[in-house]
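Participant: The residues making up each chain are set out below.
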Amino acid sequence: MGDQYMLEIRNLHVHFRVYEGVSRVLDGVFLHVGKGERVGLAGETGCGKTVTMKTVMGILKIPPAIIPHGEVFLNGRDVLRMSSKELLQIKGTEISMIFQDPMNALNPVFTIGEQLYDVIRFAQRHPDNGENLSKKEIHDRAIAVLEEVRLPDPERIMNNYSLELSGGMRQRVLIAMALVNEPSFLIADEPGTALDVTIQAQILGLLSELVRTKGISILLITHNLGVIQETMERVYIMYAGQVVEIAPTSVLFENPKHPYSQGLFASVPHLTGGEIAEGIPGTVPDYTAAPSGCRFHPRCDYAMPICSQKKPPLIMLKPAHYVACHLYTEQGVQNE
Amino acid sequence: MSDLLLVVENLVKYFPIRVGFFRRQIGEVRAVEGASFDIKSGEIFGLVGESGSGKSTVGKTIVRIYKPTRGTIQFKGRNVTKLTKENLRFFKKEAQMVFQDPKSSLNPRRSVKSTLEDPLIVHKIAQNGRDRKRIVGDLLRMVELSPNYMYKYPSALSGGQRQRVAIARALAVNPSFIVLDEPTSALDVSVQAKIIRLLQQLQKGLHLSYLFISHDLSLMRTIASRTAVMYVGRIYELAQTEELFVSPLHPYTRTLISAVPVISKEERRVKPAKQSRGGEIPSPVNPPNGCAFHPRCSLADRICSQQLPDLMEVMPGHFVRCHHVSLNMPSAKGRGSRLVESTEGNKKN
Numbered sequence: 001m002g003d004q005y006m007l008e009i010r011n012l013h014v015h016f017r018v019y020e021g022v023s024r025v026l027d028g029v030f031l032h033v034g035k036g037e038r039v040g041l042a043g044e045t046g047c048g049k050t051v052t053m054k055t056v057m058g059i060l061k062i063p064p065a066i067i068p069h070g071e072v073f074l075n076g077r078d079v080l081r082m083s084s085k086e087l088l089q090i091k092g093t094e095i096s097m098i099f100q101d102p103m104n105a106l107n108p109v110f111t112i113g114e115q116l117y118d119v120i121r122f123a124q125r126h127p128d129n130g131e132n133l134s135k136k137e138i139h140d141r142a143i144a145v146l147e148e149v150r151l152p153d154p155e156r157i158m159n160n161y162s163l164e165l166s167g168g169m170r171q172r173v174l175i176a177m178a179l180v181n182e183p184s185f186l187i188a189d190e191p192g193t194a195l196d197v198t199i200q201a202q203i204l205g206l207l208s209e210l211v212r213t214k215g216i217s218i219l220l221i222t223h224n225l226g227v228i229q230e231t232m233e234r235v236y237i238m239y240a241g242q243v244v245e246i247a248p249t250s251v252l253f254e255n256p257k258h259p260y261s262q263g264l265f266a267s268v269p270h271l272t273g274g275e276i277a278e279g280i281p282g283t284v285p286d287y288t289a290a291p292s293g294c295r296f297h298p299r300c301d302y303a304m305p306i307c308s309q310k311k312p313p314l315i316m317l318k319p320a321h322y323v324a325c326h327l328y329t330e331q332g333v334q335n336e
Numbered sequence: 001m002s003d004l005l006l007v008v009e010n011l012v013k014y015f016p017i018r019v020g021f022f023r024r025q026i027g028e029v030r031a032v033e034g035a036s037f038d039i040k041s042g043e044i045f046g047l048v049g050e051s052g053s054g055k056s057t058v059g060k061t062i063v064r065i066y067k068p069t070r071g072t073i074q075f076k077g078r079n080v081t082k083l084t085k086e087n088l089r090f091f092k093k094e095a096q097m098v099f100q101d102p103k104s105s106l107n108p109r110r111s112v113k114s115t116l117e118d119p120l121i122v123h124k125i126a127q128n129g130r131d132r133k134r135i136v137g138d139l140l141r142m143v144e145l146s147p148n149y150m151y152k153y154p155s156a157l158s159g160g161q162r163q164r165v166a167i168a169r170a171l172a173v174n175p176s177f178i179v180l181d182e183p184t185s186a187l188d189v190s191v192q193a194k195i196i197r198l199l200q201q202l203q204k205g206l207h208l209s210y211l212f213i214s215h216d217l218s219l220m221r222t223i224a225s226r227t228a229v230m231y232v233g234r235i236y237e238l239a240q241t242e243e244l245f246v247s248p249l250h251p252y253t254r255t256l257i258s259a260v261p262v263i264s265k266e267e268r269r270v271k272p273a274k275q276s277r278g279g280e281i282p283s284p285v286n287p288p289n290g291c292a293f294h295p296r297c298s299l300a301d302r303i304c305s306q307q308l309p310d311l312m313e314v315m316p317g318h319f320v321r322c323h324h325v326s327l328n329m330p331s332a333k334g335r336g337s338r339l340v341e342s343t344e345g346n347k348k349n
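Same order as they appear, the protein sequences are chains A and B. Quick note on numbering: the first sequence equals residues 1 to 336 in my numbering. Quick note on numbering: the second sequence equals residues 1 to 349 in my numbering.
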């Protein structure tokens with residue numbers, strides 16, 4: 001089941017028990033990443049990007065989180081029903097992750113080399129792993145991967161602590177760590193957003209080149225639409241725990257269909273100048289009392305009665321272009 | 001000239017690096033090494049650069065949060081670098097600042113009302129409680145918040161609302177000049193759009209002048225009328241924003257613009273080719289000799305590492321600090337047409 005995809009998320013609901021009641025964060029997320037595909041997941045703060053990612057990686061704390069519905073398949077295997085031991089074997093070997101803040105993701109009291117060795121040795125413990133590397137081979141592999149991410153003088157960097165490196169170098173080290181065991185799937189959470197644009201451009205260029213040459217599937221999570229446009233093939237736009245639009249990058253950036261996507265794109269300042277739009281009225285809802293139906297309807301200019309009653313399904317407009325909005329459903333059209 | 005609101009000349013700010021029990025000075029961070037520019041009355045002047053370029057230090061030194069090491073700042077014809085404490089109060093009433101992160105720039109233990117009342121008390125604008133309450137309500141309305149928000153605490157506000165309160169605090173003393181230090185970089189784009197619009201409306205309505213500090217070039221293009229590009233403590237290019245983006249002349253400016261992730265084909269078309277060999281911004285403790293960009297620059301040769309180029313006016317109102325600026329100059333024919341375009345831009349402004 002779901003073998004043709006690297007990652008498949010079906011109707012995922014994630015709730016959190018909080019003091020005020022139940023916070024319904026994810027409300028039926030569908031997402032898939034094909035083999036060798038580069039997919040972006042975009043949305044604003046608090047839209048559930050990170051919760052989605054954490055569920056996939058199995059690092060969501062349960063409780064307080066509850067997963068009432070939903071399935072997550074990684075390469076055909078159901079992540080949510082896996083034992084933690086099985087999950088641990090996948091992590092770091094088949095699936096890797098690049099975190100947002102390179103400062104906090106590295107341990108300041110170990111050298112870069114020690115941390116890289118750890119990652120390589122971890123993969124050695126995998127039962128299916130046939131090879132048995134000597135110390136020398138582990139060292140060589142670490143050096144090779146640092147060269148791959150174009151860090152100058154890898155021998156020296158192996159003996160450095162993270163504090164001695166610049167932000168861009170740290171991010172490169174993190175990419176190296178994520179790639180050293182040759183995973184087939186990579187999740188990158190806002191890579192390079194903590195860095196300056198020139199450095200960010202270098203990092204993104206490097207990342208997409210490595211991913212392409214090695215045929216790794218990647219899910220890139222970001223709030224920066226520009227980053228997705230420059231590196232990804234297909235995009236998911238999320239709002240308040242719902243996927244509102246799915247499309248190939250070129251299609252979406254030419255012609256966003258969902259009112260939220262349209263508002264989002266209009267808010268982005270352009271390098272060519274011109275006025276920016278007024279933004280989107282209102283604010284992201286409180287998840288303990290999330291709006292019924294389409295969660296965007298209280299902020300939507302086109303809201304109709306049906307929008308607050310029924311959650312719009314994802315409908316196909318064109319091949320590979322889906323939108324969840326009543327403006328495009330039959331019921332919505334009839335209502336108008 | 002009477003329409004110049006602020007004139008900054010050769011502003012220098014060093015921070016000492018001290019170690020040990022006796023706080024012995026072992027070096028200095030050369031955050032700003034001679035920045036000169038002026039801001040006209042009613043203008044939005046942009047300052048862009050990467051982190052560590054000294055742009056925030058310039059902003060903070062202008063509003064006298066830091067004391068300048070050297071250089072002069074003239075505000076409405078008065079030299080404010082040598083003001084005594086009493087006279088500084090006049091200046092601080094005229095020049096205000098809005099910080100990047102509204103979460104840390106608002107006191108979490110004070111209500112919005114108490115935060116907004118402070119400047120009114122310090123600058124003796126309203127002495128009795130009823131007046132203050134009325135003014136606080138007006139201020140909140142100015143930043144498009146309901147006056148009921150005055151009883152809330154920052155923790156009950158969203159990021160955008162907090163930044164609105166921070167803007168209201170800056171407006172409380174009725175200033176003519178505001179330094180905006182990355183006012184929207186902690187916010188989402190849809191919220192950013194709303195704050196930017198608010199700032200633009202306030203600027204027109206109250207005839208304010210802004211020094212707008214940001215690392216976001218697309219945003220600068222939208223809001224600033226003139227833009228200066230800073231790198232390791234110095235201004236490397238300064239021009240009308242339109243002109244700066246249409247024909248950037250410094251290799252660093254080109255690299256910066258080319259690195260911006262964009263969302264449309266039109267934008268990709270206007271991006272210049274990058275003129276950099278990679279690398280990162282050098283440390284201001286030990287900046288490179290000559291032009292600070294030379295270790296990253298693809299045009300660099302011997303002279304660049306030996307001699308710091310001057311900031312020269314190569315076209316009217318367009319200043320560049322580069323030895324090889326002629327290589328990036330558009331052809332004479334193209335230059336003529338561009339100049340016409342930029343003067344039209346001026347008229348619009």
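Honestly, I wouldn't trust all of these hints.
[Said to hold, decoys possible] The calculated EDC-like cross-link candidates involving lysine to aspartate or glutamate, where the alpha carbons are at most 20 Å apart (straight line), are:
1) K265(B) <-> D286(A)
2) K35(A) <-> D118(A)
3) K274(B) <-> E278(A)
4) K204(B) <-> E254(A)
5) K152(B) <-> D286(A)
[Claimed, not checked] Label pairs and their in silico Cβ distance ranges:
6) S208(A) <-> H123(B): 23 to 33 Å
7) V270(B) <-> S208(A): 17 to 27 Å
8) R81(A) <-> R268(B): 37 to 47 Å
9) R81(A) <-> P295(B): 49 to 59 Å
10) K67(B) <-> E155(A): 17 to 27 Å
11) R150(A) <-> E86(B): 28 to 38 Å
12) L4(B) <-> D301(A): 56 to 66 Å
13) D301(A) <-> P16(B): 31 to 41 Å
14) G76(A) <-> S114(B): 57 to 67 Å
15) F122(A) <-> F22(B): 42 to 52 Å
16) T213(A) <-> N174(B): 53 to 63 Å
17) R268(B) <-> D153(A): 28 to 38 Å
18) G278(B) <-> E114(A): 26 to 36 Å
19) D286(A) <-> P108(B): 12 to 22 Å
No lab work stands behind these hints: they were computed from the structure. The structure presented is a predicted model; accordingly, all values stated were derived computationally and were not measured. Positions of the beta carbon are idealized from the N, C-alpha and C atoms, including for glycine.
Participant: Please name the hints from earlier in the document that this structure breaks, with their numbers sorted from lowest to highest.
Facilitator: 1, 2, 3, 4, 6, 10, 11, 12, 13
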